[in-house]
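Take the given structure of chain L and dock chain D to it, following the hints.
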Amino acid sequence: MAESERSVFLFSSTSAAIRAEKLALESGIRVKLIPVPRHLSSDCGVCLRCDSAELDAIRLLLEGSRVEWEDVRSL
Amino acid sequence: MSRPIDCRGLACPQPVIQTKKAMSESEQITTIVDNDAAKTNVSRMAEKEGFAVDVEEKEDGIYLHLTRIGSVPQTESTSSAPAEGSAGPLVVLIPSDGMGRGDEELGSILIRSFLHTLNEVEPVPDTIVFLNAGVKLTVEGSLVLEDLQALEGKGVEILACGTCLGHFALKDRISVGQVSNMYSIAETLLGAGRVVAL
Chain L
1072 MAESERSVFL FSSTSAAIRA EKLALESGIR VKLIPVPRHL SSDCGVCLRC DSAELDAIRL
1132 LLEGSRVEWE DVRSL
Chain D
10 MSRPIDCRGL ACPQPVIQTK KAMSESEQIT TIVDNDAAKT NVSRMAEKEG FAVDVEEKED
70 GIYLHLTRIG SVPQTESTSS APAEGSAGPL VVLIPSDGMG RGDEELGSIL IRSFLHTLNE
130 VEPVPDTIVF LNAGVKLTVE GSLVLEDLQA LEGKGVEILA CGTCLGHFAL KDRISVGQVS
190 NMYSIAETLL GAGRVVAL
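Top line first, the protein sequences correspond to chains L and D.
First residue of the first sequence: 1072, per the working numbering; consecutive thereafter.
First residue of the second sequence: 10, per the working numbering; consecutive thereafter.
Any given hint could be a false lead.
Unchecked claim - Straight-line distance between alpha carbons at most 27 Å, and here's what the computed DSS-like set of lysine-lysine pairs gives:
1) L/1103 - D/67
2) D/29 - D/48
3) D/163 - D/180
4) D/48 - D/163
5) D/180 - D/57
6) L/1093 - D/145
7) D/145 - L/1103
8) D/57 - D/67
9) D/67 - D/30
10) D/180 - D/29
11) L/1103 - D/163
12) D/145 - D/180
What the hints assert, rightly or not - Chain D is nowhere near these chain L residues, computed Cβ spacing over 10 Å in every case:
13) 1085
14) 1104
15) 1132
16) 1140
As the list claims (entries may be wrong) - If you anchor each label on the Cβ, the simulated ranges turn out as follows:
17) D/69 - L/1106: 49 to 57 Å
18) D/181 - L/1126: 33 to 41 Å
19) D/78 - L/1112: 50 to 58 Å
Derived from the structure by calculation, the hints contain no laboratory data.
Where is the CB? At the ideal position from N, CA and C, for every residue including glycine.
Same shape as in the complex, but just chain L (with noise of 0.2 Å):
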């Protein structure tokens, strides 16, 4: 697995990491919903995971919808 290509997108709550998801697959985005791993740290206990190239097109995605993110961080 390309662990290196992926990023994850770390929110400040678990409904808006719900809402991101929903965004993303409704897009056609492929993401996955995960806890958030041990070595990062987050408040909320999940976070979508990417492919990276994908980032860009999730920020926009996310802006357009007001759902507010609070870090990015690769795999």
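Relative to the frame of chain L, chain D by itself:
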């Protein structure tokens, strides 16, 4: 001498029960079944009981020739068990498609997180049993399919309750693991060293 047990037309779990009964009386058994689920269930049980399985697909049915090759492997449960002080297999029981009660959407996220994490932590379970709405996690379109397939690739046995799949009309959409019956499920739970029930 092979004694044929004709299980054609019998509903699950009858083929397994009848074959198992015959095992106490014979070292060599032929069971005739008429569907893949019965073939799989009888074969799996036979292998567990120390029988070699030879499958012969004929026009009038699937003939399973069973020959005892060893004793009942009750003492060799160490095969894939991580055995951290516990004797016997580690079984995870998943009786719904959510984890915990209170909020369905949250429960769905938690179970997805849990199954994802099972691929990253130790010990690896020997068997995961899916019951009731839990079987929805094993069918096409499930968001945890990749995780379950990865677990299966590590040798985790994944059993989905056939009655439950039937109830939700999902039997032909199972995408990981095996359709199982209450006979196997009960044996798996009772024979476990540890059961982690969600």
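Fill in: Indices of hints not satisfied (ascending)
1, 13, 14
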